[in-house]
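Participant: In case you want the letters, here they are:
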Amino acid sequence: MAERIFEKLSTAVIEANVDLAREAAKEALEQGIDAYDALTKGLMKGIEVVGEKFGNKEYFISDVLMSAETMSAALEILEPHLKEKRTSGHGKVLLGTAYTDIHTIGKNIVKIMLQSAGFEVIDIGENVPPETFVENVKKHKPDILAMSGIISSARAEMINTIKALDSEGLRESVKILIGGAATSQDFAEKIGADAYGKDAREAVQKAKELLG
Amino acid sequence: MSGEELTVRERMKRVFLRQEPDRVPAYPSVGAGNARLAGVPIKEFITDPETMAHAIIKAYKLYTPDVVLVLGDTLVEAEAFGCKIKFHEDRLPEVVDFPVKDLKKDVKNIRMPDPRKDGRLPNILKAGEIVTNELRKVAGVGGLVAGPISLLTALRGPENFYKDLVQNPDYVQEMLDITTDFAIEEGRAQTEVRLGLNLGDPVAGTLSPKQFDKFAAPALKKVIKTWAAEGKFCALHVCGDVSHLIDKLVELGPAMLSIDAPVNLAEAKKKIAGRVVLVGNVDPVKVMLEGTPQDVKQAVKECIRQAAPGGMYMLATGCEVPPDTPLENLRAFMEAAREYGKYPIQLD
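Chains as they are written, first to last, in the working numbering: chain A, 83 to 294; chain B, 10 to 357.
Because the hints were derived from the structure by calculation, they are not lab data.
In silico SDA-like cross-links for lysine to any residue, where the CA-CA straight-line distance does not exceed 25 angstroms:
#: 1; chain 1: B; residue 1: Lys-351; chain 2: B; residue 2: Asp-304
#: 2; chain 1: A; residue 1: Lys-272; chain 2: B; residue 2: Lys-306
#: 3; chain 1: B; residue 1: Lys-172; chain 2: A; residue 2: Ile-143
Extracted from the complex, chain A is given alone in its bound form (with noise of 0.2 angstroms):
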């Protein structure tokens, strides 16, 4: 039975179909699946296939953005349920895309599933330069700084950020997660970040295992 609407819910987001994923959305709470659920078995298992065939060059930006928008139609159905299984204090993560990126599906997508799993989450946007970080650094004193970067002029930028919280005596304070088509495991080690997350999913696991 679950099974069934999750197949849906994926459906609904690999085709862009809103009205079928509202409909799906509505099922599932009616059911009375979890809405976590819902969000990791379903809506999530459609953005990775489309994930994939943006990879394999069979899906293309419009794509992208037409079924992100549709899975957060969805998500506007099921967040007040996630709301209520969220459990408190699991850290504070600020998150942006790096400078000169302008990128968001993807950290947007991110921030969805940090905040599904009990995580606050500071979105401070895209094309964010360095000083901009440090500066939301000292305001928000957050136990993860997550950066994106999707184009490779934005690992420059990354390193920039870096530099510049080790200037500020901040470095320390602070465990940068960083992730997006720009990076990797090898340049995370290279520029000194604490862990690299391949996919939104790989965030989740490396922001819990950062503060664990």
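Go by the hints and put chain B onto chain A.
Facilitator: Only chain B this time, still in chain A's reference frame:
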């Protein structure tokens, strides 16, 4: 620079005549990086044409590439169309507001700017004139024309643009007609000061094949063919992995096709089959910024190995290098080009 070398003009002539010249023509794409090399703040570089011109000339002398670009930031056209830009003292600017928020109300306010008069567009022409007068005997001097598709993201913002392609195609076409005509005119203005034409449309490469065929191809073709009919030839540059688009890009009619690092250079050369001059594709970030001079030389050698034999090739970086790219890497690039790029190519 060695005394036995051909002039850049002679070298390029032979490339276009499908001959192997003395060596592979070569240049890293440097834009605002010239400000750093010349020791001037980026804001001054991109707002004052004399500063820009003299910085480019000073930087040229430091590593003598075959081509220099008269390019500061890529927001000059967007600004002229109505984007609000935020400047930083020593860093590239960014867009903080887009002119078209309400499709019903704002579209009619969009007008094609005059590349010779509006915003900072005339700065490029002024700087271009100074640089070409000084360097054209020793180097190619190129400009950058904003591609019509990419310019659309400057009107509504990138996320809205990708949605518009699906939800508001009529609006997209209406605006595209304007940005296409603008690109044509901008090119004309640049050739008046003898700048070589580079048509750069990064966003075009992110479209689906259907979207590319419907929107990008007709627009780009119109720009390229209009210029060609006026005797103006161009290089077309689309960033990112455009492996699936090579034939379509060649068919648009540019004289040169400049490709980015993710594309397999050897395969691209094969696919192009001598129809246009191939340009590329050392990684501007992972190699030019993050690599050692040794890494740079290796990458240059590999590109030459893959694409130089037979001619119809120019060595370049896949895209513009970041402003902090070290001078020693730019020097290594040109040294390697001169060392490994002599024809006939003899690399193990």
